[in-house]
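Visitor: Using the sequences and the hints given, assemble the complete structure.
For the record, the sequence lines run as chains X and F. Going by full-length UniProt numbering, the residue at position 181 of the first sequence is 181; the numbering climbs one at a time, nothing skipped. Going by full-length UniProt numbering, the residue at position 23 of the second sequence is 23; the numbering climbs one at a time, nothing skipped.
Everything labelled a hint here was simulated from the structure, so no lab data went into it. Careful, some of the hints might be misleading.
Calculated from the model, a selection of chain X residues having no Cβ within reach of chain F, i.e. all distances over 10 Å [what the hints assert, rightly or not]: (1) 7; (2) 12; (3) 45; (4) 64; (5) 65; (6) 82; (7) 136; (8) 223; (9) 251; (10) 259; (11) 286.
Derived pair list, reagent style DSSO-like, types lysine-lysine, alpha-carbon separation capped at 27 Å [claimed, not checked]: (12) 209/F / 228/F; (13) 25/F / 196/X; (14) 265/F / 67/F; (15) 265/F / 250/X; (16) 92/X / 162/X; (17) 124/F / 206/F; (18) 122/F / 67/F; (19) 73/F / 35/X; (20) 35/X / 145/X; (21) 67/F / 35/X; (22) 35/X / 124/F; (23) 131/X / 27/F; (24) 124/F / 145/X; (25) 250/X / 67/F; (26) 27/F / 126/F; (27) 131/X / 25/F; (28) 206/F / 35/X; (29) 209/F / 35/X; (30) 27/F / 196/X; (31) 162/X / 73/F; (32) 228/F / 122/F; (33) 122/F / 196/X; (34) 35/X / 265/F; (35) 35/X / 131/X; (36) 209/F / 126/F; (37) 265/F / 162/X; (38) 130/X / 27/F; (39) 145/X / 162/X; (40) 145/X / 130/X.
Because the structure is a prediction, the values reported are computed rather than measured. All residues carry an ideal CB built from backbone N, CA and C; glycine is no exception.
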Amino acid sequence: MSDIVMRIKRHIQVYQPPMKKFLFGMQISDGMVYKAATYLVLTIFGFIFLYPLLYMLSTSLMSNLDLVDNTVEWLPTSLYTFNYEATWKALKMPGSYVTTILLAGASTLSVILSSALVGYGLARFHFPGKKLVFALLLFTFIVPKALFFIPKFQIFMQLGLKGNLGALVVPALTGQGEQAALFILIFYQFFRMIPKVLEEAACIDGAGAIRTFWNIAIPMVGPAFIIVGVYGFSIYWNETFLTSFYLDGKIQTVPMLLGNLQESFGGVVAASKKEVGNNPNWSFSEAKAFAGTILSIAPLAILYLIVQRWFVQSIDKTGITGE
Amino acid sequence: MITETKKGKVEPKIIKPVKTRLSLKSKQSWTGILFISPWIIGFLAFFAYPLYRTVFMSFHNVSFGLKTGWRYKWVGMENYQRIMFEETDFVVAAQNFFVQTLLYVPVIIALSIIIAVLLNQKIKGKIIFRLLFFLPVIILSGKLMENMDTYGGMSLTANEFILESLYMIIPSKDVVLLITSLFELIVQLLWFSAVPILIFLASLQKISKEIYEAASIDGASPWSSFWKITLPMVYPLVSVCVIYVVVFLANFETNPINSIIMQSKYDGSRREGYASALSILYSLVQLAVIAILYYSTHSRSTKGR
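Guide: Take a look at the structure:
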């Protein structure tokens, strides 16, 4: 009896370590269980995360008949693009795309320009009150935007910026755009990482500060431009609450139009009464709302796919982590 | 005449080096100030002055007439009194915001640390997973969230198939109900945690592999090296993320307080003065949330950044 127990024990002693190593990993390599758990958790989170998008995509491809049909869950009975055609008209595309791109593009360029200048000034020069500037930068970041709704409205009115592009571009040019403090800090970190020797050499060769900035410093911080450009563009694209307030409804971007899609869709229906007839697909449903939503985020998603390589890679260079 | 010209020639030679050395330093600081001058102008025009105006208006009753322009009538603390004691909408919304943020932020931080650690493993398809989790950095907006939410995009109950399979796996009905009701919340929190994931991942990539190797040679399991190495290394960033997330949640478009303030501006009985007082109180609430979360995470940080 005890002999058998001893044998089993010895057996375990001999075979346990490789088995344990395979399952749980030892020392440097990871085991199977560990790896499988990583995949499992990531996949579950990924599914939860992606669920709304998948749901939106599949619903936006359904006709109204499919929507009320209980047997249709994920896959629509046929590839049905009418929702997109209808919302395309209701969102006044492609004209509204152009408006949004111009608006967001102009604001982003202004933000890049001002934050690069200010970031360089903070990174390279010593002047009294620099610490105060940093403290105030942080303060401007923390304080909610709601605090400035009303006086800004009045100021823009006085300066004649209300209802035109100036309401976005002028604050952006002076370093007070959306999330500008963050962008200034990103540029600050990047400029600080350039070896100072280069600029000193340029200075000895007789280049002025502006010329050094333009010819030496700017080409060195390419990744910062990508990050700030993409992030700024998406922020200005997505921001509707304040923008619609300052623009006074005179310029309408895609996300703003999305906000009253239901009414504008009614307008499209009224305009094409002949086609509508008794077709149930012309009534407003969540499929239309989802189609509109997907149309409004599609350009950003494409942009993200194009730049993601640089975006993800250069994040750890930003030094958001350092401060 | 001759002596004068001599003096004139000699003097600059002595003074010049001193002068340039002095001016080099002050020139430097003036160039620096020149570089940040756009920000100074912007700060004064679009931050300091509006802040003063907000405080000013919050003590006044503001009205606008086409002929008279803006008119201000001093009312003292009346606006604040009305907000705090007479009308309830802001107080309720602010309480909700306060409690919600205090509960959400730790969950968001924990979720993002877990996901960042998992994304930092050596696994296949890492790029795809990263692509996925960083997507909200670019596409998340108030309108998107609103549309997903109002038309049932974020709730599991709309989908029979998933519900059925959940009932298959989990026998207890209560547990399934719990999962479905938590689902919507977790979706939201996951969508909010993209930037924290980014920040944590960036800092995880900076930890050198040698530390883990040394620990594992000394016999540390992955579990204990997570608690003893990974967490202390990323911990200083928790307070950064806390600030970011609170600011983000406070400014997010679906936040009801923002629309309360906005609507008050056009409400005949409230107008700009009342709205200004609202926004000041709101800022105080937000600063309080940041202070609580910041100090509760910061004090344990060993690096003390």
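Visitor: Report the numbers of all earlier hints that the structure fails to satisfy, in ascending order.
Guide: 3, 7, 10, 11, 18, 19, 20, 21, 24, 26, 33, 34 and 35
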